[in-house]
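> One-letter residues, chain by chain:
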Amino acid sequence: MKKLCLGIESTAHTFSVGILDFKGNVYSLINDTFIPKEGGLHPALVREHHLNNFMKTINRALLDANISIKDIQLIAFSQSPGLGPVLKIGALVARMLSQLLNIPIVGVNHCIAHIEIGRLMCKIKDPLTLYVSGGNTIVSAFESSRYQIFGETLDLAIGNMIDSFARDAGLQHPGGPKIEKIALTSKQNYIQLPYVVKGMDLSFSGLYTAAKYLIKSEEYNKTYNLADIAYSLQETAFGMLTEVTERALAHTEKKEVLLTGGVAANKRLQSMIEYISKEHDAKFEVVPLKYAGDNGAMIGWTGILRFQAEGGHGISETIIKPKERMDQITIPWRV
Amino acid sequence: MIRKGAEASLYSGHWFEKEVIFKYRIPKKYRIEELDKKIRTERTINEARALIRVKDYGINVPQVFEIDIINSIIIMKYIHGAKLKEILSNIDNNKKQFYFNEIGRIIANLHKNGHIHGDITTSNIIITPEENIFLIDFGLHEYSDTIEDKSVDLHLLKRVLISSHGNDYKYCFDAFLEGYISEYKTIGSNEWKEIIKNIDAIESRGRYIKSEKRI
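Just so you know, the protein sequences line up as chains D and L, in that order.
For reference, each letter of the first sequence is one residue, going 1 to 335 in our numbering.
For reference, each letter of the second sequence is one residue, going 1001 to 1215 in our numbering.
Hints were generated in silico from the structure; no laboratory data involved.
Glycine residues also receive a C-beta, built at the ideal position from the N, C-alpha and C atoms.
Accuracy of the hints is not assured; some may be wrong.
[Claimed, not checked] Straight-line alpha carbon distances no greater than 20 angstroms define the calculated PhoX-like cross-link-like pairs of lysine-lysine that follow: (1) L:K1029 - D:K278; (2) D:K278 - L:K1158; (3) D:K198 - L:K1158; (4) L:K1038 - D:K198; (5) L:K1029 - D:K267.
[Said to hold, decoys possible] Pair by pair, the computed Cβ-Cβ distance ranges are: (6) D:D281 - L:E1017: 31 to 39 angstroms; (7) L:A1201 - D:Y275: 35 to 43 angstroms; (8) L:K1095 - D:D126: 27 to 35 angstroms; (9) L:N1071 - D:L289: 39 to 47 angstroms; (10) L:K1018 - D:S205: 43 to 51 angstroms; (11) L:E1066 - D:A309: 54 to 62 angstroms; (12) D:G84 - L:K1038: 18 to 26 angstroms; (13) L:K1085 - D:N25: 37 to 45 angstroms; (14) D:G39 - L:I1032: 26 to 34 angstroms; (15) D:K23 - L:Q1063: 35 to 43 angstroms; (16) L:N1071 - D:E218: 38 to 46 angstroms; (17) D:K216 - L:E1034: 17 to 25 angstroms.
Work out the full structure, taking the sequences as your base and the hints as a guide.
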């Protein structure tokens, strides 16, 4: 019987369960994503959604993998960072399963999991990673036994910024894919927007405000339309992201570039990061879409890595850490 | 070509018999041309201006000889030496302290005169064989007198020290702050107190919050 790990992702809108063996073969992955009827992600509503549905998701994952819950030998869950009330659900379910089945439990940092699943799926060793999602915007690379953060947003995350703008423009959550589609219909009518890069850090709040005012302006739908704003917003924001990634690439001299997170699905961003990777003779990889967004498989895989390096966590060590930074954590499996 | 950076390519050569660097901000094809042209032109002008102005405060920077705005090229004096990033792990602690103390003074000197470097990293500091400290790469330079901008400048250095020189971070940053404060004290200003305090505020904003315990 193969050793199997069940990974639970519960940091934000997606409650996901992934089952994989200790070699990294994924047997099943089931996502259950909360989609708000209006507005953004209210933590209390997301928590209710996960609470109501977690058992269904676990059962479907077991069914898909064609195994019984008793075949699981390790439980991994997203311990940090994320929305507190939502993290608690994942932690609660993981603790319950671990004690019920009397098997080890491992808490995992969500951001590190994004990089580890990328390394596994894309078969690369030591990448510079651009991790872009609704909650995070991070340029990271492995240095002195940690995933160090070279650049990050000083305010809004890129996905959050695009989603918020989309909402202001009357589009339903999640707005990212819709903005990408609309931007393609622009006649490349570029409107100047704030481009803010500070060293390797970024700021999107000024860009967001400026784009929002463009919708409210009297010129809206006269000299420009929504497609033009979407196009300009993407060009500016992605230009900033690409610039800091290139800076970090020149600084760290890594030979691989990994693009991950929900926003990694954006084709325009992919082409820009691919371009600078070539410029610096680095191999470029995008994490397969299924594993780029939040998912339980990445939590399971990172849990396996940590478990193999230093064993499971005691139950008192499974406290959630909503604000933990990835560079606070040492990575024993890469030392 | 002697170096291909993220933003520009550096070529060495001669200009009226002087040994110079041609800093060429190459077009970035990943950006749309309109945005790219604007950024390259702005930064070229910005950098050249800043290099000329901060010289007035006795800060060691490469001398600017000529700029070509259309092609985004600055011709400046070749500074022989090594990047601090490259030598940091090979020098003893006294030397580190000495350099970071001096760097602290240099940055305070910029700040008190309303200049923000915008990209203080150990790659942008050159140590010459005579042990003079040169500051380079002013492409992200800004004029500002706000506490916030000055704090962000220090915050960026702190981040670079943590990520690239983790083992030396504490030692170096403390020496840096010591020099920074002492320079501010020479003009009897207490602005440094707010600037340094505000670094914590920046870190505690949004995604910079340190670990906290919850049950």
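> In this structure, is the beta-carbon distance linking K1085 of chain L and N25 of chain D contained in 37 to 45 angstroms?
Given a distance of about 41 angstroms, which is inside 37 to 45 angstroms, the answer is holds.
> Keeping to a limit of 20 angstroms between CA atoms, is the pair of K278 of chain D and K1158 of chain L held or broken?
violated (30 angstroms)
> Do A1201 of chain L and Y275 of chain D keep their Cβ atoms within the hinted range of 35 to 43 angstroms?
Since the Cβ atoms of A1201 of chain L and Y275 of chain D sit about 37 angstroms apart, the hinted range of 35 to 43 angstroms holds.
> Go ahead and decide if the range 54 to 62 angstroms is satisfied by the Cβ distance of E1066 of chain L to A309 of chain D.
holds (56 angstroms)
> Quick one: are N1071 of chain L and E218 of chain D within 38 to 46 angstroms, going by C-beta?
holds (39 angstroms)
> Would you mind confirming whether the straight-line C-alpha gap from K1038 of chain L to K198 of chain D stays at or under 20 angstroms?
holds (17 angstroms)
> Is 27 to 35 angstroms a correct range for the gap between the Cβ atoms of K1095 of chain L and D126 of chain D?
holds (31 angstroms)
> Do the Cβ positions of N1071 of chain L and L289 of chain D conform to the proposed distance bound of 39 to 47 angstroms?
holds (41 angstroms)
> Given the range 17 to 25 angstroms, decide if the beta-carbon distance of K216 of chain D to E1034 of chain L lies inside it.
At 24 angstroms between Cβs, range holds.
> If you draw a straight line from the CA of K198 of chain D to the CA of K1158 of chain L, is it 20 angstroms or shorter?
holds (13 angstroms)
> Confirm or reject the claim that D281 of chain D and E1017 of chain L have a C-beta distance inside 31 to 39 angstroms.
holds (36 angstroms)
> Take the C-beta atom of G39 of chain D and the C-beta atom of I1032 of chain L, compute their distance, and say whether it sits inside 26 to 34 angstroms.
The hinted range 26 to 34 angstroms holds for G39 of chain D and I1032 of chain L, with Cβ atoms some 32 angstroms apart.
Of the numbered hints listed earlier, those contradicted by the structure are 2, 12, 15.
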